[in-house]
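Colleague: The task is to assemble the complex, starting from two chains supplied on their own in separate frames and drawing on the hints.
These protein sequence lines map, in sequence, to chains A and B.
According to the numbering used here, the first sequence is numbered sequentially starting from 1.
According to the numbering used here, the second sequence is numbered sequentially starting from 1.
Read the hints as simulated data drawn from the structure, not as lab findings.
None of the values given here were measured: they were computed from a predicted structure.
Zero decoy hints are in this set.
Think about it this way: if two alpha-carbon atoms lie no more than 35 Å apart in a straight line, the pair counts; the simulated DSBU-like pairs of lysine-lysine are:
no. : chain 1 : residue 1 : chain 2 : residue 2
1   : A       : Lys673    : A       : Lys378
2   : B       : Lys94     : A       : Lys77
3   : A       : Lys117    : B       : Lys102
4   : A       : Lys77     : B       : Lys146
5   : A       : Lys391    : B       : Lys94
Examples of chain A residues lying across from chain B (beta carbon under 8 Å, computed):
no. : residue
6   : Gly48
7   : Phe50
8   : Gly93
9   : Asn94
10  : Pro105
11  : Val107
12  : Asn113
13  : Arg354
14  : Ala365
For every residue, glycine included, the Cβ atom is placed at its ideal position computed from N, Cα and C.
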Amino acid sequence: MKAESKENDDTALIAEQVPTPVLRCLETEGGSPFRLTLVCKSDLAPNGEFGEQWLLLDEETFYVVSRSVDGADLRYKYDLARISDAHIERCVGNGLLSLTVDDEPQVVLHFSNELGKEFGAIAQYLHMRASEGVDVDIPDIHADANRCIYCGRPLLDSTSRVCPRCIQKSQVFKRLMSLASPHRGAIVLITVLLLGIVAIDLTPPYLQRILIDQVLVQGGSYKLLLWLVLGLLGLRMVRVGVVIWKNRLTIGVGSRFTAEMREKLFDHVKDLPVEYFEKAQTGRLMTRINTDTDELQGLISELTMALMRIMTVIGISVVLFSMSPSLGWYGLIPTPLVMLAAYLYYRRMRPHFRRRWMARRRFNAMLNTFLSGVRVVKAFGQEQLEERRYKAHNDAYLNSILQVDLAWSRFFPIASFAFGAGGLIIWYVGGRSVMAGQITVGTLIAFLGYLGMFYGPLSELTNVSQSLNRFVTIAQGLFDLLDEEAQPQPVRPVRRELLNGGIVFDNVSFGYDPYNPVIRDLSMKIEPGELIGVVGHSGAGKSTLINLLCRFYDVTNGSIRIDGIDLRDMSMDDIRRNIGVVLQQPYLFAGTVAENLAYGMPNAKRIDIIRAAKAANAHDFITMMPEGYDTMVGEGGGGLSGGERQRVSIARAILNDPRILILDEATSSVDTKTERQIQEALDHLVQGRTTIAIAHRLSTLSNANRIVVMNHGRIEEEGEPQALLDKKGAFYDLVQLQNRFSRYQEHAELLGAAK
Amino acid sequence: MTASYEIRELTPFEVRFAKNRDNLTLTLSDGTFYGRTELRRCFPMSEGTQFISVRDPNTDDHDEIGVIMDYGLLSEADRELVEEALELFYFVPKITQVRSVKEEFGFLYWQVLTDKGELEFVMRDSIMSYVREVSATRYVVIDINKTRYEIPDLLALDSHSQGLVRRMLCI
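If we strip away everything but chain B, and leave its shape as in the complex, we get (with noise of 0.2 Å):
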């Protein structure tokens, strides 16, 4: 395969994803089908529906098919296949509530209610490394299994939570 250096733009009349169990497929307007897909965001922090690289994961480097630009644009059907996807590819549980943080040898023990379920996560105890300040009141915070758990909005959290995660993160 050559390599281009241009985006290719993936316009909401050229694609249409289906499912296939749990592949998501996609056929292009041009008929070329693809049997996997894989989808990432570009800005996973930043941009919400927009920029969705399109890649096939059936090439050894996972090769870029195009760019959905805004899949907010794209029908309604596709639109939900989309969600789902990059909802099942990017595991990263909201905190919605912060019931405890121990400190014990180096490492910091979280007890958090979050969108996806009640769970403990455990984290190395440096703040600089595994701390994601997005914004005054955005965070993500790394676990030692590299999964991340976000604070959408500190502010929105109760005051326990709060005075929690202001105390372990130094902020």
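If we strip away everything but chain A, and leave its shape as in the complex, we get (with noise of 0.2 Å):
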């Protein structure tokens, strides 16, 4: 939809899209088809049920078409020139598009969510329109949209790329044998095993015949009876070996394969940008990578189970209609009605074992809430009300059971019948043969024995697409989880080992989700060795700006350069090496204190850790525990206070002696005495440094060099604390906010001390 040039076929296109009463209605308002750049339909109509809308830009007009039945009217017209901006609200179920017209706002349509992105980026276009000018580019508004590659409907799981329908099989099929082809000896093996075991599995009815014709009947041999009967414990044996052979493979295969997976995936998923790791929730990730892999495994084994199936079935047809072809159509004549009762078992008694599962996590996670919040029910006193609770999950859940239990009952019988049924009309048609004496008792006995073997398997192939269809979808949100790219990269970065540490931010904007910016037009210059506060409310922009400068999300316009140098241009190597960051809420991984001392660092050493512990007032109480710096910390840092886990990860930042240090609410989650400790280690730590220092707590900013108040993504006020102290702006209100505030704390305090 993009209309750059002004040719006849591209506008025709946009026009193209549009009905003709709304383009009649735009005429009649002396607008042109041909001149239109950008049209989208809005779902709902004025009143907010389903219905018609168009939003039609020109070069100069905005107009709003709504359409009915009865045609269309227009709504809103305005030139561009009177809109200063524009942007979306998000309401229940739906959302609007506000427009500032003359200085005022103006709401001027709604649509359902599902349209939230398209008009998201109009908005964002008519906002740049107006402050920067004509010249910005017209969106694509439909490029963005996530859709399917293939079929471009629109994708249900945004982390993959393709939608279930489109799911090519036989490619993603493929894929995996591509994957599996260091296994290919062993597969090719296990599939002629596969076969071995089908051509034992079919021989001893084939013996049994044998012997009831030639050895009962006719009054045969001692001596064949004995060979026959030892041929078939032979069988036997044989096919034990076989099949734990072909187990030991399967398995060696199948979990070799599912580990060669994960660690591919997790070797790719570290690379990933962490803008990845926050649209793709963190359990779903942890699904896609553990379990769904081990549920590959499980399905690998079916399937080869499904391939053995199936080689039986058509193994025995073809015995069958060898031995006697007339009889091997009786035999097929249940098949319809065993098929279909397994189909309909299926059918049936998924919903119940859905039921079951859905009430049983109800009931664990019931139970999870009670167990974790149970200093909250005592200390109300709603034991009772718990235990009203618990029941009903449990009832709710012995329910299920039941359920599934009964609808079991019904269908096995049923299942039985439906096999047994076949066997009888064997035993008659197969009975007036042998009277007739067109086949032998043994062929008949025979044939029931393969007809034994036949149904199971048929009755489970009913199922294999099912698993198929699981296995192709899974197999494929790992390829998705694969093919997702990883950070670009600069192909030829600037090195630079040490930086000087200036620091600029030039016209910064970003948004998580590009229609909603978070930083807005951002401009700031720090120079090296400066300390900088930002101050403001939650949800200014803060933490945003130091995703930002560590690089893990990418600015969406502007840059940010340090040295002069673009982050994008610099290799990741050394942005890590030159910016240290102390978190609100350190992480801790399991290991002991030491080795998390040096997690960026690993060849720290002993005297470099306990000289950095010892800068971040860390040293006193780490050699104060029974295990010193060999503690063991648990994952996020368990056995250890707020206050210490913060020290420690101060020390770490020392001792990767960085040339920015970024301070995010260091102090915020610890009491006065802590802060005071952590606050003469950040002092140590911030000298000789770029520091650029978020703070909840004011009065930790006193000797910063410069303060920046944010508001709303961009910088209300900046200066040095004093001034701007003195101007009595934003950061004065702030500090007399927080005054009120600390004395209250201050005296409780003081009570706590006195006590």
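Modeller: Okay, here's the thing in structure tokens:
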């Protein structure tokens, strides 16, 4: 829909999407379909019901035309020059587009949630056009939509790029096979073994036929009897061996293959940009990497079994028809019945299984909430209520189990009837043939034997498509993850071992969701060695600023430069080496305190570790612990207090010796005494480094060179702390607010100390 | 603006709503005029006409102007405007009939008839997160676009629809 060139076919294409009554309405208003540059349809009528409204833009004018069965009506028409801003607002289940016309807000239309992205892009365009002029590129409003790369339908799962319908099974299999190619030999061998097992399974009825016809009925020799029985025994023994061999191979290949897959996935996931992890929730990623690969393994063995069943069914059919073509047909009569019964069974049972599974999850969730909130339950004396709740869930679970069992008990007899019916037909028809002398008794018995082995696998095959679909879906999901692009790295990075630490934010804009900017046109220059305090309400964009500086995310517009080099041109290594971060909630990995201190520098010397800990005010508490620096800390830093963890993470930053230091509310979650200790540590740390400190407690910023007050993604105020206080602006207000609060706090602490 | 810790009640005599094209304007009895207001239900699920938060969307945080305790007590003209605005703001189609529900690859595809027209929607097949049980007979299902669809009374649906809903929502 891009209309940079004003060629006729391009604009004609735009007008083509618009229904004729709407175009006619446009023409009566003096517009021309050929001058349209952007159109977008809302699926809601002005009264909020489903309907149609069209937003039309040409070079000068903005129109909204509503369309109903009666025709089309103009609802809004503005010169673009009058529109100074535009934004979308989220309502419930829908959104609205609001313009600023002649400095007055005007809601112009509502749209359903599905169209949020499209109208967001239009609002962004109108905003940019108003602020930067008419040359702004017209957005291709459908390009961003997350659509299937094959059929173009909107994608339901934001982490995949192909919709389930379009997954090309053959391609998925091809790709899986290529991943499995190291195990090619084993796979071929497994197939051969499977064929062998099927062949072995097919032999006993055949031997039994000889046994009956040539030994029992015709009074054959004892020797033949012995040989036949020994043959049957031998076959069984061989089968045991072959099956064990096959199982060992399948398990080995399956587990190794999934382990390789997991390794590959992890290897890839670690290189993905932070953005991806925001988009795909941790839980879903965990499922993908761990559970899905496990399930893949289960499905591999299930599909192997299915392959064996297919071979068995084919093999038996061949044998049956070669023994007696007419009886073969009779044997096939119950086949549709068996398939139908099996199909109905799975269809009937699935909701029951689902219900049981859900009931179990609800039950677990309830118990989980209760156990983790048990103090609250007791504090409010709500044990009775919780007990009733538990009982209700327990009953629901019990009912769901009963339902599954009841459904099973109803269907099992029906299914076995369908299986048995086939045998009865053969008994009757085959019996007549035997009596008429057309076939032998042995043939009849062998036939029945084969039939007994026939229906079981056949009925299970009705469920193969289900597992196959699941298998392909999972495999595709894993491939999607593997295909997810790693964060773009500069091809030829500007290498700079040591930076001075001068930072420039040049007209930076950024939004996690591109149409909802969190940072807007922000510019700021930080000299090497400066200590900058960033303050503002929560949601003002402080942490986002840090995310951008660490290049966890890339800016949408503008650039960030360190020592004049664009962040995107620097190698990740240089960025990480030169920027140290102390986060609000420091994360410690499972390992010893020493290992955690040396996380960024695995080769650090012991003495350096101790020096860093000392500088961070952490040496003393570490030494006081029974296992000192060798103390194991758990995931997230279990065993250490918040303040201790914080000091460990500060020591970590000191050890790394970065040129640029970022303190993200490093003292927010600790008491005043600990804060003082941490503050001392920090004062030590910031010496000679460029420091950006985000702080809740404004007192900690007293020695900052400059304070930046942020508000809604913009810099509201900037300057030396004292100057800002004198100015009595936004910073002054914040300080006032906090002083009132901290006086309470100090008062409370004094009281506490006095007790 | 200084934050206040008291709820400001807007009495029926205090407010006068009007419509300026798609903007809902508000004039308070003290003469204050708002060119645009946003109405939010404090209890969208449980209270019909009560507790409507009136907010000013032209402020960064959509500051609250006040709360209407019961808009049923407003003058008829105001009541209609409020009702209309709420209807627009809360787009929650009420399901009156379920034609079919298909389960495929972890998603449920619903074909339904609602008070706002016939439609299809897609829901992630995770009942724990996307189905809200308001009461034993009242449910809200949330689709992949976070649009809500309400089943106001399960027992009022025809038996085919009821069966489908029970089967799919595991109730």
